[in-house]
Amino acid sequence: MPDGYFGSYLTLAIYSLAMIGLVGGTLGLNRLVSPKVPGKEKMTTYESGVDPIGSGQSQTTIRYYMFALLFVIFDVEAVFLFPWAVVFEEIGVFAFVEMMIFVAILALGLLYAWRKKVLDWI
Amino acid sequence: MIAEILGNGYVQLGMKLGVLMILLPATLALGWVELKIGAHMQARMGPMYPGGFHGWAQTLADGIKFVLKENIIPKNADKSVFSMVPYVTMLGAALIYVVIPAGENLVIENLEVGVFYVLAASSIGVIGVLMAGWASANKYSMMGALRAAAQLIAYELPLVLAAAAVAMMAGSLSLVDIVEGQKQIVLAGFYIPFLPFQIIGFVIFLIAATAEMTRPPFDMPVAEAELITGAFTEYTGIRFAFSLFAAEYITMIGLSAFGATMFLGGYAPLHTALEFIPGIVWLLAKTGTILFLLIWIRWTFPRLREDQLQKFAWKVLIPLSLVNIFITGALKLTPWI
Amino acid sequence: MQGLIFLVVAATSGFAAVRLVTNKNLVHAALYLVVTLMGMAIIFLLLTAEFVAWVQVLIYVGAVIVLLLFGLMLTRAQIGKTALDRQQRWVAGPVALVLFGVTAPVLWRFFDGRTISLDRQSGNTEALGTEIFTKFVLPFEVVSVLLLAALVGAVFLAKKD
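Chains as they are written, first to last, in my numbering: chain A, 2 to 123; chain B, 1234 to 1570; chain C, 477 to 637.
For the record, the hints were derived by calculation from the structure and aren't laboratory data. What you are looking at is a predicted structure, and each value in this text was computed from that prediction instead of being measured. Just so you know, even glycine gets a beta-carbon here, dropped at the ideal spot from N, CA and C. Check the hints yourself; a few may be wrong.
Among chain B residues calculated to face chain C with C-beta under 8 Å, some are [to be verified]:
id, residue
1, Val-1346
2, Ile-1360
3, Leu-1406
4, His-1504
5, Leu-1507
Below are the DSS-like pairs computed for lysine-lysine, each with C-alpha atoms no more than 25 Å apart in a straight line [what the hints assert, rightly or not]:
id, chain 1, residue 1, chain 2, residue 2
6, A, Lys-41, B, Lys-1298
7, C, Lys-635, A, Lys-118
8, B, Lys-1298, A, Lys-43
9, C, Lys-635, A, Lys-117
10, A, Lys-37, B, Lys-1312
11, B, Lys-1565, A, Lys-41
12, B, Lys-1565, C, Lys-611
13, B, Lys-1312, C, Lys-500
14, A, Lys-117, B, Lys-1548
15, B, Lys-1302, A, Lys-37
16, B, Lys-1308, C, Lys-500
17, A, Lys-118, B, Lys-1312
18, B, Lys-1312, A, Lys-43
19, A, Lys-41, B, Lys-1308
20, B, Lys-1544, A, Lys-117
21, C, Lys-635, B, Lys-1544
22, A, Lys-43, B, Lys-1308
23, B, Lys-1312, A, Lys-41
24, A, Lys-37, B, Lys-1565
25, B, Lys-1302, A, Lys-43
26, A, Lys-37, B, Lys-1298
27, B, Lys-1548, C, Lys-635
28, B, Lys-1548, A, Lys-118
Can you make the complete structure from the sequences, with help from the hints?
Structure below.
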């Protein structure tokens, strides 16, 4: 078992595989013990008892896309906070001011989106 | 080959993987506790019969029933994507546990990027929900999945920002370092955790974590009455149990343990005189406290509306967590602290 | 050992990448992209760039793919079983080849013979932070302006109607 960095990630990999094995094993057990009585009605899409109309994989509204876009942008911002959180005490006020400018510029963007009523759900 | 990789560390590895084995029983136990607490909060009895004593085996019976149920995949569904979902959601939920420390050396792996790793791993679940919604080819599922994904991403940000503030307090991303950082301030023998300095962060964390698990009052994506459990309408039996219940409860325990470590001092004892109690007991006690808070929230508040949800995340929580980061930075740079 | 893992991961990501462009089902293609991106994250991990690897997971798998899937679900075209093929392979092919022809030699010339030490006991987030916040201050601030521009552009486009 290698130690240190690669050892950690090897454990992580084995752990993930074990998790997948656990889910797969339970699903396999289910396959063995469960009844299988497929029927025409049983295999249809559930639409509250009414026959399904049209495709279930339909279009959605643009507002979800807007929120996803905002999220990507702010997520990128948030990522920078972590290496900063580790070192900002050593570098001191300079790093603090640096990050506050960074956050302020993006907060400006949030304010713009707010004023343009993108954040409202309509 | 395998012996070469594992060497003589296989006992250790086995013990580390043992954590995985307690996840499912813990899930069942938490399910029962939630049923009982919810019932008593509403002056009901809750489960009383299965197993005898206060229906302790209720969720175990549920679990067995799930395994015995027929597994249905609708004709119109995309079969491969449909059956991949339980793996994705369970993996996203279970990965959190790897870095939660139960003692200074009692941790599966003390990754240097611990905090960030937890956030990254828990973001995988979004894909699972979207996959479920799309593969089911069902309108309810689709709507539920879109709502869920929009909610998960909107509340992921406050969670990330609150965690960043804690990382600032400790000056490290390793969860062991974060707990050790909470042992620094001792007042009359009491260890002072980050909670008093991060009270805004803790409230944001609780709200965002509730929303991340799509638990009430943030359960619009799984609203039974309107969307028939949203993305998982078409899921049956054991696939349903894994994708929805197990993933939710495993995430719930994982995020609570994460919150306990970040804000309540994790395995650190409350008082220096109580050092003899092992760290894992403290961790479990603190995790239990947060779990109880989450259950309490669930049975107290009514569901929000979909439009209130996004507004609340973007107009209240995110600005507030940015302010919290500013306050934390100013606090850390003030020389007398 | 690391070399072996790299080969397996690189082969898997490469296969997923090929499936990504040849697949007629757009959502399947997006899911193959997830595999490719996760493969990239593992390669970053193998290069001991721990933080970058998890950034890859958080940003690409957790955010960009979600954006992409939302985008797919917005489109008027039928997604799923019907093909959305504009028959532009003959343009796309040469473009991709030229891009490959330009970037591959550049990367090769730059990185050829360079080695990094894999023998580490811990990650390097601290070194990364110090680099960004002392040496690359201006680029870092420019990133915020870039993000702001993207945000304003998105809001403007969405509000055009």
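| message | Hinted pair, alpha-carbon criterion (25 Å max): A:Lys-117, B:Lys-1548. Please report holds or violated. | response | Holds. A:Lys-117 to B:Lys-1548 sits at ~13 Å (cutoff 25 Å).
| Restraint satisfaction for B:Leu-1406 [CB to CB of chain C, less than 8 Å] | Holds, because the Cβ-Cβ distance from B:Leu-1406 to chain C comes to roughly 6 Å (cut-off 8 Å).
| task | Verify the proposed pairing of A:Lys-37 with B:Lys-1565, using a straight-line Cα cut of 25 Å. | result | Roughly 63 Å between the alpha carbons, so the hint for A:Lys-37 and B:Lys-1565 is violated.
| said: B:Lys-1302 and A:Lys-43 were given as a pair; does the straight-line alpha-carbon distance stay at or below 25 Å? | reply: holds (14 Å)
| query | Does the structure keep B:Lys-1298 and A:Lys-43 at a Cα separation of 25 Å or less? | reply | Judged against 25 Å, a Cα distance of about 19 Å means the pair holds.
| Restraint check for A:Lys-118 with B:Lys-1312, where alpha carbons must lie at most 25 Å apart | Judged against 25 Å, a Cα distance of about 40 Å means the pair is violated.
| task | Take the C-alpha atoms of C:Lys-635 and B:Lys-1544, compute the straight-line distance between them, and say whether it is at most 25 Å. | result | Given that 25 Å is the threshold and the Cα spacing comes to 17 Å, the pair holds.
| For the pair supplied as a hint, B:Lys-1302 and A:Lys-37, is the alpha-carbon distance within the 25 Å limit? | Holds, at about 9 Å.
| task | Compare the distance between the alpha carbons of A:Lys-41 and B:Lys-1308 with 25 Å, and conclude whether the hinted pair is satisfied. | result | holds (9 Å)
| message | Does B:Val-1346 hold up as a contact with chain C if the rule is Cβ-Cβ below 8 Å? | response | Check passed: Cβ of B:Val-1346 comes within 5 Å of chain C, closer than 8 Å.
| task | Starting from B:Lys-1565, check that the Cα of C:Lys-611 is at most 25 Å away, please. | result | Status holds; Cα separation ~23 Å.
| When you check the alpha-carbon spacing of A:Lys-41 and B:Lys-1298, does it fall within 25 Å? | holds (24 Å)
Checked against the numbered hints given earlier, this structure breaks hints 4, 5, 11, 17 and 24; the rest are met.
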